[in-house]
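Quick note, the sequences are listed as chains A and B, same order. If you count by the working numbering, then the first sequence holds residues 1 to 113, one letter each, in order. If you count by the working numbering, then the second sequence holds residues 114 to 227, one letter each, in order.
Check each hint, because a few of them may be wrong.
[Unchecked claim] Think about it this way: if two alpha-carbon atoms lie no more than 27 Å apart in a straight line, the pair counts; the simulated DSS-like pairs of lysine-lysine are:
id: 1; chain 1: A; residue 1: K60; chain 2: A; residue 2: K100
id: 2; chain 1: A; residue 1: K68; chain 2: A; residue 2: K52
id: 3; chain 1: A; residue 1: K100; chain 2: B; residue 2: K122
id: 4; chain 1: B; residue 1: K157; chain 2: A; residue 2: K100
id: 5; chain 1: B; residue 1: K170; chain 2: B; residue 2: K127
id: 6; chain 1: B; residue 1: K157; chain 2: A; residue 2: K105
id: 7; chain 1: A; residue 1: K52; chain 2: B; residue 2: K127
id: 8; chain 1: B; residue 1: K157; chain 2: B; residue 2: K170
id: 9; chain 1: A; residue 1: K56; chain 2: A; residue 2: K68
id: 10; chain 1: A; residue 1: K100; chain 2: A; residue 2: K68
id: 11; chain 1: B; residue 1: K170; chain 2: A; residue 2: K60
id: 12; chain 1: B; residue 1: K127; chain 2: A; residue 2: K100
id: 13; chain 1: B; residue 1: K170; chain 2: A; residue 2: K68
id: 14; chain 1: A; residue 1: K56; chain 2: A; residue 2: K100
id: 15; chain 1: B; residue 1: K157; chain 2: B; residue 2: K127
id: 16; chain 1: A; residue 1: K56; chain 2: A; residue 2: K105
id: 17; chain 1: A; residue 1: K100; chain 2: A; residue 2: K52
id: 18; chain 1: A; residue 1: K52; chain 2: B; residue 2: K122
id: 19; chain 1: A; residue 1: K68; chain 2: A; residue 2: K105
id: 20; chain 1: B; residue 1: K157; chain 2: B; residue 2: K122
id: 21; chain 1: A; residue 1: K52; chain 2: A; residue 2: K105
[To be verified] Residues of chain B clear of chain A, computed beta-carbon distances all greater than 12 Å:
id: 22; residue: D151
id: 23; residue: P152
id: 24; residue: D169
id: 25; residue: Q198
In short, the hints are calculated from the structure, not lab data. Ideal Cβ positions, reconstructed from N, Cα and C, are used throughout, including at glycine.
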Amino acid sequence: GNSVTQMEGPVTLSEEAFLTINCTYTATGYPSLFWYVQYPGEGLQLLLKATKADDKGSNKGFEATYRKETTSFHLEKGSVQVSDSAVYFCALSDVVSNYKLTFGKGTLLTVNP
Amino acid sequence: NAGVTQTPKFRILKIGQSMTLQCTQDMNHNYMYWYRQDPGMGLKLIYYSVGAGITDKGEVPNGYNVSRSTTEDFPLRLELAAPSQTSVYFCASREFGGTEGEQYFGPGTRLTVT
Chain A
1 GNSVTQMEGP
11 VTLSEEAFLT
21 INCTYTATGY
31 PSLFWYVQYP
41 GEGLQLLLKA
51 TKADDKGSNK
61 GFEATYRKET
71 TSFHLEKGSV
81 QVSDSAVYFC
91 ALSDVVSNYK
101 LTFGKGTLLT
111 VNP
Chain B
114 NAGVTQTPKF
124 RILKIGQSMT
134 LQCTQDMNHN
144 YMYWYRQDPG
154 MGLKLIYYSV
164 GAGITDKGEV
174 PNGYNVSRST
184 TEDFPLRLEL
194 AAPSQTSVYF
204 CASREFGGTE
214 GEQYFGPGTR
224 LTVT
């Protein structure tokens, strides 16, 4: 079955630091890949996505590239802000699973001023 | 559009009580989902629906029931609440033929069973 593994948190950074959150996946089909973000007390919001190999998703300064050869979709941001403090979830879906999302466990990011 | 709305926001139940978590979406999406989120465990799918009148089990359906009589509503029923059902519950929806699984989430219901 499908699975997603993302780096354990929590991650604590200073403002303007570089962020990487690692995500690798196992899938039976050809998945689409997603990063969702959950701000404190809120539901999940789609941050970015990529639907095929070598696609780069980007939004709000965050980027992730779909790497089929390493089955990875690492999230990066060059300069984090306090407002980026949240839980980040890597997820995948494919036609084999009827587009149901499979989530990683989430990574808590705290950015200090 | 309000998107996906959930009520209540918070609830405390005693063991053995019943309740219904409400979920409504106004985007005319065919697909709807219920997840539970436990600390450090990501989201687990409880039930889902691909359209009115059609529901199916997810990973963790035991102790829950759902119905889908309209496109807009997808209530989740807990019949005999147990402490193991203490969690945050999220409802989500996706349009038919929408981008490869992108889902829209409600704000969640925090449930405590004591």
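B:K127 and A:K100 were given as a pair; does the straight-line alpha-carbon distance stay at or below 27 Å? violated (32 Å)
Within 27 Å, alpha carbon to alpha carbon, are A:K100 and B:K122? With Cα atoms ~25 Å apart, A:K100 and B:K122 stay inside 27 Å; holds.
Taken at face value, is the distance from the CA of A:K105 to the CA of A:K52 at most 27 Å? holds (23 Å)
Beyond 12 Å from every Cβ of chain A: is that where the Cβ of B:P152 lies? With a cut-off of 12 Å, B:P152 comes too close to chain A, as the shortest Cβ separation is near 9 Å.
Holds or violated: A:K56 to A:K100, with C-alpha atoms at most 27 Å apart: holds (22 Å)
Mind checking the alpha carbons of A:K100 and A:K68 for me, to see if they're no more than 27 Å apart? holds (20 Å)
When you look at the beta carbon of B:D151, is every beta carbon of chain A farther off than 12 Å? Non-interface label on B:D151 violated, nearest chain A Cβ at 10 Å vs cutoff 12 Å.
Agreement of A:K68 and A:K105 with the hint, judged by alpha carbon distance not exceeding 27 Å: holds (21 Å)
If you draw a straight line from the CA of B:K157 to the CA of B:K127, is it 27 Å or shorter? Roughly 23 Å between the alpha carbons, so the hint for B:K157 and B:K127 holds.
For the pair supplied as a hint, A:K100 and A:K52, confirm whether the alpha-carbon distance does not exceed 27 Å. Cα-Cα ~17 Å, so holds.
Does A:K60 pair with A:K100 here, judged by a C-alpha cut-off of 27 Å? holds (26 Å)
Are B:K170 and B:K127 close enough, with their CA atoms no more than 27 Å apart? This hinted pair holds, its Cα atoms lying about 25 Å apart.
Checked against the numbered hints listed earlier, the structure breaks hints 7, 11, 12, 13, 18, 22, 23 and 24; every other hint is satisfied.
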